[in-house]
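**Q** Sequence:
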Amino acid sequence: MNRTKRFSLLLLAAMLILSIPVLAVASHAPVLTVVAPFAPRDMKVTIEIKKNIKGEEHVIPVVLEAGRRAWEGQYRLRREAVYGITAWYGNAYDLKDAVLILESGGETKTVPIPAELLSERGSEDHIMLSWRTGRMSALPAWRAPALLLMWAALAMAVEGVVFWLYGYRSRRSWLMFFLINLVTQTAHHAIVAGLNVDVNRIKVYAISIPVLFLVEMLAFVMLVDERSRDRTIGFAVAANAASQAVLGLLMQFLPA
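Those letters in the sequence shown? Residues 1 to 256, by the numbering used here.
Rather than coming from a laboratory, the hints here were simulated on the basis of the structure.
One should not assume that every hint holds.
Okay, the calculated beta carbon distance ranges per label pair [claimed, not checked]:
no.	residue 1	residue 2	range
1	Trp164	Gly134	47 to 53 Å
2	Ala245	Pro61	38 to 44 Å
3	Gly90	Pro37	24 to 30 Å
Below, a list of computed lysine to aspartate or glutamate pairs in the EDC-like style, where the Cα atoms sit at most 16 Å apart [to be verified]:
no.	residue 1	residue 2
4	Lys109	Asp42
5	Lys51	Asp97
6	Lys50	Asp94
Beta carbons are placed, not taken as given, at the ideal position from N, Cα and C, and that holds for glycine.
Kindly produce the complete structure, drawing on both the sequences and the hints.
**A** In structure tokens, the structure reads:
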């Protein structure tokens, strides 16, 4: 197999790997996500939605889809889980006067959802819940950048191991490594972090992730000359494949 064909296959494999997080996204994003730090693992969250159907008041209970990401309990409401409501007009309307029922350790708490936390037309709302007090608030402003930096740092650590294994030792090479990854990894994880906000933008993400990989690979080829160009390209493919595999596994356990 000549060098051109080998490079083409490596590039195609890398693009497919980079697209896995996009293709794995659920087809229907949740309309409401409740984040409860350090919540008990046995906590069950039910939302009671109050609706006027054909002139009669109805209470529609739905158990939220529970998940665990390290220190965070995450509870999601998806439209398809709500039977009896066929049309949605926005959370501020559809979830008006809704309450959460928290059950854990034989105790039950009823907590109204504050109207100001529900958007008029947003495709998804996130709410922070203190399960001890029942207080709900918007997600803190620092959470998103902190998680973004955490994921970028993890990706850089994985790629740094590959960089070392490929024989890069000079101070300049490592300086370029950190500068290139600081830009590309921050952008990459900013893109992936927003995948479940608007499923209509998945095509944009599916295009932008491979493009970002190509930008990173070209940056390494142009700025890192300690090894041959072929070796640098091989590193870029291997490093991105390794980081995607490791981070894909960690996404099952860490908040995003």
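**Q** Work down the list of hints and note, for each, if the structure agrees.
**A** These are the hints, each one checked on the structure:
1. Trp164 with Gly134: 47 to 53 Å: holds, 49 Å
2. Ala245 with Pro61: 38 to 44 Å: Between Ala245 and Pro61, where Cβ atoms are some 40 Å apart, the hint holds.
3. Gly90 with Pro37: 24 to 30 Å: Since Gly90 and Pro37 have Cβ atoms about 27 Å apart, the given range 24 to 30 Å holds.
4. Lys109 with Asp42: Given that 16 Å is the threshold and the Cα spacing comes to 14 Å, the pair holds.
5. Lys51 with Asp97: Judged against 16 Å, a Cα distance of about 9 Å means the pair holds.
6. Lys50 with Asp94: With Cα atoms ~8 Å apart, Lys50 and Asp94 stay inside 16 Å; holds.
Hint check: no violations occur; every hint is consistent with the structure.
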